[in-house]
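A.B. asks: Using the sequences plus the hints, can you model the full thing?
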Amino acid sequence: MNDIVINNPLEDEAIYIFREVAAQFEKPAILFSGGKDSITLVHLAKKAFYPAKIPFPLVHIDTGHNFPETIAFRDNLVKEFGLELHVHYVQDNIDAGHVKEEQGKYASRNQLQTQTLLQAIEEHGFDACIGGARRDEEKARAKERIFSVRDDFGQWDEKNQRPEVFDMLNGRIAYGQNVRVFPISNWTELDVWTYIQNEEIEIPSIYFAHKRNVFERDGLIWTANDDVVYREKDEIVTEKTVRFRTVGDMSCTAAVESLAFSIEEVVKEIRQSDLSERGARIDDMRSEAAMETRKQEGYF
Amino acid sequence: MKKNKVLKISTAGSVDDGKSTLIGRILYDTKSLKRDALEAIKKNSEQKGYDYLDLALATDGLVAEREQGITIDVAHIYFSTPNRSYIIADTPGHKEYTRNMITGASSSDIAVILIDARKGVVEQTKRHFFINNLLRINELIVAVNKMDLVDYKETRFNAIVEDFKKLAQAGSYKEQLITFIPISALHGDNVVASSENLSWYSGKTLMQHLENIQFEDIHQNTQARFQVQTVIRPKTENFHDFRGYAGKLKGGELSVGDKVVVLPSKMKSTIKTIEFYDKKYTKASIGSSITITLEDDINVSRGDLIVKENQLPHEAKEIKAIICWMDSTPLISSTIYQFQYGVKSVKSKIKSIDSKIDTDRMGKEQETNELQLNNLGWATIQLAKPLHFDNYDENKDSGAFILIDTKTNNTAGVGFIQHKESLN
Ligand SMILES: Nc1nc2c(ncn2[C@@H]2O[C@H](COP(=O)(O)OP(=O)(O)O)[C@@H](O)[C@H]2O)c(=O)[nH]1
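Those protein sequences? They're chains A and B, same order as listed. As numbered in our numbering, residues 8 to 307 make up the first sequence, in order. As numbered in our numbering, residues 445 to 868 make up the second sequence, in order.
The hints are simulated quantities; they were obtained by calculation from the structure and are not laboratory data. These figures come from a predicted structure and were not determined experimentally. Glycine included, every Cβ here is placed at the ideal spot set by N, Cα and C. Any given hint might turn out to be false.
[Stated by the list, open to error] Some but not every residue of chain B turned toward chain A, in silico, with C-beta under 7 Å: (1) 517; (2) 643; (3) 647; (4) 726; (5) 727; (6) 853.
[As the list claims (entries may be wrong)] Calculated Cβ distances over 10 Å to all of chain B for the following chain A residues: (7) 18; (8) 143; (9) 232.
C.D. replies: Right, dumping it as structure tokens:
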């Protein structure tokens, strides 16, 4: 038998939050993007309820612009953990004419996710959606609560948030409202990577250095995939050794040149990097208030 | 696995004392600002026509704030040194934002109070000290900022220290450690690196001081409190009879073999196993999110408190507490609120509002029959069922509660239990 439980305050807090979600809500779900943060969430949920199974399904809003590696990884994880998975497609919404796709050079389906997500919440009647957002990612997120109440339209009212004192979480809501829950709010990018390393958590291969066809635009490295990412004639495709620090859509996630082939090398690289993670998110560079505006409309 | 160390800091200061600049400076000097963030700050500073970097921009997050140029909510800022990780809860200094300050301070280990060297101890400072004293923040750092604007004069600093010490004498929590540091956030003197300009000051810089704070210094000695969040019953073949109680240990230590009592049922048992994920341990200490099993098959459910047989908490159906009101609908007597104590939730009735506490006059009390938004005061609360609790000064983690408005579901207030009569 081991002696004393070694505590990691961030992990203890996340587990505490997961257990509160299970106890306070009737129909929670984990919003699963296939990225490292949501994989970490699944791992923490497993620890929180062991030896029982994770008591929530996963929900994936598929933009159709995902990296194929992410989808393959997702399906594997679901099988291995015996989880339930609901996939909702942004494409369905576009086909039905509910939303209009952006056109041109900077077109992205990121904003369209919101509509599909809200429909999924309504269809299944989810009262809590657990997400992997972190406060250190972005300035507007730094003010996000752990239990963040959204109205019937999924909107975030940032000036009228419930105070969160000590560790007491108030998940009481009216009919039609729902709560976004962020168990790893207080983790930094480096915390997540160190945790992945220490816990030996598997993550999709695109997080590690690999050869890829890419082109450069505005000083960022874009994936060359003409079906999904618009490319001008003079934007020349070359092969580079790259990896991704954050994984969203192909059309809005830039790669970084890297020779970090192992988790140890990735952690070392993050420690030394002088660029923030969101610096590789093309969608956030649109304006200074980009994230806050999206959140008010019901984004994660 | 290596133990992750995290130090949580809350900050308080009046508008324009330089709180945002100080945080920006810490991030800048510890090289925590990434290149893209720094470029955004540079661009923004130039647009505004400043000839220096407006480091305050590193923290002001919301559009409304950028427009008004003020901080209006609690923002969390993260950085780390090779020694440990830090979380700063940046709380605004406006009069109407007492609730944000308490929110930020409630989850912090230590606090930094900023004073403008030109202005010295002002009304706001008194409130900031009083709240940190009330919340029993063990370590307080008073950073006297803008020393450059008083020619880095030692006499000015000493005068402010004297004023503050007078203020501190009136505090009720005397064990609080207070450290005074002269700084200039704008120029970086004594924030991370020590400064020639302040060569008369022989103490540590702000960052050196933070790096040296030991966890033993800021955590009280407490009794084990284990509140059950959820009961784990896998009902699978391998774990057919498994019945585990999941929760976070607040205070003290629990060991296998400890004789325990489950409250409110008062059923006795012994701890059979302490588990974290798929491993068993002999012991767990404060802060751990564990699962325990008991030797006896007794009825335990969410909200129940498991304690050691010889460390019983108080029991009462009516309690006295200091309330900080956080809602626009004032708190008046005879109203019903949902009372949430940790993860336990019961109906409660406000029996009486006993007095209002003037935070600007070191807690001087006056009679009142209501508490308005941002007011602090004493109240007597009647509970639907007897509660087992600690006073806030005995255990910070298990001596507070929140009041939830049953119509709006909002968290309307926070309370600190100070039920002296019940001491047994
Ligand atoms: N001269 C001088 N100015 C400072 C110092 N710290 C902050 N300031 C200035 O004081 C003003 C208010 O600072 P800010 O950080 O926005 O204050 P906050 O409202 O407390 O966040 C800004 O113009 C800062 O540049 C300092 O140490 N020296």
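A.B. asks: Please go over all the hints and tell whether each is borne out by the structure.
C.D. replies: Status of the hints after comparison with the structure:
1. 517: 5 Å, holds
2. 643: 33 Å, violated
3. 647: Since the shortest Cβ distance to chain A is 29 Å, the answer is violated.
4. 726: At 6 Å from the nearest chain A Cβ, residue 726 of chain B passes the 7 Å test, so the hint holds.
5. 727: 4 Å, holds
6. 853: 4 Å, holds
7. 18: 7 Å, violated
8. 143: 4 Å, violated
9. 232: The claim holds: residue 232 of chain A sits with its nearest Cβ about 25 Å from chain B, beyond 10 Å.
Of the hints listed earlier, those the structure fails to meet are numbers 2, 3, 7 and 8, in rising order.
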